[in-house]
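Student: Taken in order, these protein sequences are the chains called A and B.
Position in the first sequence (first residue = 1) + 74 = our numbering.
Position in the second sequence (first residue = 1) + 53 = our numbering.
Keep in mind the hints are simulated off the structure, nothing from the lab.
Since we're looking at a predicted model, the values are computed, not measured.
Keep in mind that a hint or two might mislead.
As the list claims (entries may be wrong) - Now the in silico label distances, taken between C-beta atoms and shown as ranges:
hint, chain 1, residue 1, chain 2, residue 2, range
1, B, R228, A, A300, 49 to 57 Å
2, A, V96, B, D136, 42 to 50 Å
3, A, F148, B, G214, 15 to 23 Å
4, B, E173, A, G205, 51 to 59 Å
Idealized CB from N, CA, C, for every residue including glycine.
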Amino acid sequence: MKGVSIYIYRDFIRWIRYRIGVISSLVLPAAWLLFVGLALPVTFTGNYLDFITPGILVMTILTAGISSGSLLMFDKMLGFLNKFLAMPVPRESILVSKILFVSMRGLIQATIILILAVLIGATVMTPLQYGLVYLILFLFGVFISSFSTAIALYLYDHDSFASFTAMVTMPLFFTSSALMPYSAMPGWLATIAHVNPLSFAINAIRDVTAGSIPVVPILMLFVFTAIFVGLAGYVFRKVTI
Amino acid sequence: MTAILTENLTKKFGDLCAVDNLNLTVDKGIFGLLGPNGSGKTTTVLMLTTLLAQTKGTASICGHDTRLAPEKVRDCISYVPQDMAVDTNLTGRENMFVFARLYGIEKPKEKIDELLGVMELSDRADDPAKTYSGGMRRRLELAEALVHEPEVIFLDEPTIGLDVAARRNIWTHIRTMTKKGMTIFMTTHYMDEADQYCDRVGIISHGKIAALGSPAELKSRLMSDVITVTIEGSFAPVQIEGMVVVGQSDNVISFTAENGREALPLLADALKSAGNRVKAMSLHEPSLDDVFLQSVGKQEEPQGFEELKFHLMLHRRH
């Protein structure tokens with residue numbers, strides 16, 4: 075779509091010039107990997123690092139994706155959105171660019187985690203496996219950032235949005251299968267974890283690392299992502315016209 | 054083709070009528086929409102720039118209806134909101150590049166260099182915009198707005214928050230833009246600037262146009278000039294057609310005249326030949342402030358919106 079690449083260019087330059095943002099987005103997942111992946115005394119799996127890496131990858135995509143709404147919110151608050159909306163480029167390209175940009179930024183972070191994980195002792199995968207991991211993470215990133223932008227378009231100030239994301243992110247992570255398998259969870263938590271979209275992406279990646287190709291989960295993830303992109307597009311059109 | 058044409062353009066937010074049956078024709082030159090805070094200026098601009106849907110009526114820009122052919126409208130306009138939205142971590146040139154590419158200019162380098170030169174930003178073009186002064190940021194925004202050679206430019210409070218020198222500079226640039234046949238539609242609440250630089254002004258109050266015309270027309274229509282004369286000794290009355298003595302206190306006499314500048318020498322001659330010894334004369338032209346106050350009436354500070362209306366404004370843009 076016309077305009078998407080130039081909007082991404084703008085967001086990308088703004089991101090890399092904001093150095094502390096780049097550093098923090100890389101330090102946080104690395105800290106999880108080191109302090110939780112290496113330090114936690116677990117008994118339910120042989121290599122806990124292999125077990126938790128998918129969880130940290132998905133969590134990273136979650137925090138990256140959720141910031142998509144924040145980007146749009148700031149453009150709205152600072153007057154950029156009105157300028158862009160009064161331009162002849164298709165308006166939806168603003169939305170598409172935010173979703174693609176944060177998803178790709180998430181994948182950059184994911185790459186760092188994958189490299190780091192191997193360096194500290196995780197199992198090396200085949201190129202096909204890595205490809206599938208990236209595909210799942212990308213779909214999940216689009217899914218989360220669509221959701222986040224739809225919410226940001228409804229809320230009108232950044233504080234409300236920040237409160238919303240804080241409320242959503244942590245509970246989603248801890249009620250997913252990121253830290254332990256269903257079998258090691260108390261019953262009530264396992265029930266929640268089964269319907270948590272995070273678990274869905276995490277389990278798909280674990281299937282990949284275990285050597286199988288999770289066709290059905292990927293297709294389902296694709297369908298859910300498409301629904302949420304449609305939803306974000308609908309809200310965007312409703313709010314901007 | 055008329056640059057801007059509105060017919061009964063109306064916008065309601067709940068039961069608040071922000072713009073009330075606006076009928077406006079604007080073509081070439083600088084049109085200034087003046088009005089107190091909350092009078093409907095920005096709402097009008099948002100409707101004309103296809104950012105807000107009206108409740109009733111129509112608006113067309115360069116012959117394109119804002120609701121039926123918004124893409125065509127966006128093709129021939131630029132909109133500079135009052136927020137000063139410049140990416141401060143990007144350089145001036147990078148800011149320009151983003152806008153040029155968004156407007157579909159394939160090889161924008163030359164155009165960017167030219168416009169940065171016009172706006173006197175060439176030597177700072179590769180510095181991050183966060184190091185720019187307010188006036189420079191505004192000029193950068195103007196350069197961005199000009200990049201696709203629009204026919205109509207909408208400027209919302211273009212000089213707000215700038216110092217005197219920066220304001221004058223911005224106005225010089227805006228004036229130059231009109232020489233190429235552009236139409237500038239701007240809002241402001243600086244009456245002196247509107248008086249000095251706008252070709253036509255419309256004064257809006259409670260969503261309605263209260264006065265419309267060139268600043269000079271409005272001033273002469275609404276009141277005549279005032280001439281005050283200080284004489285020495287006693288005052289020998291004079292009779293001149295079109296001039297009326299409105300007051301005398303000691304040896305200061307006030308006259309009103311339709312056109313003070315022309316009346317001034319006539320009055321001086323008449324006073325002299327009647328035997329008065331004139332010590333000083335002064336002419337006070339009515340300012341646009343006077344016109345504004347007269348047409349808008351006694352202004353109350355707007356109370357802002359109620360919470361509910363505020364939400365309506367933000368969300369219900371249909």
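Student: Each hint should be assessed against the structure and marked as holding or not.
Tutor: Going through the hints against the structure:
1. R228(B) - A300(A): 49 to 57 Å: holds, 52 Å
2. V96(A) - D136(B): 42 to 50 Å: violated, 27 Å
3. F148(A) - G214(B): 15 to 23 Å: holds, 20 Å
4. E173(B) - G205(A): 51 to 59 Å: Cβ of E173(B) to Cβ of G205(A): about 52 Å, so the range 51 to 59 Å holds.
In this structure, only the earlier hint numbered 2 is contradicted, and the remaining ones agree with it.
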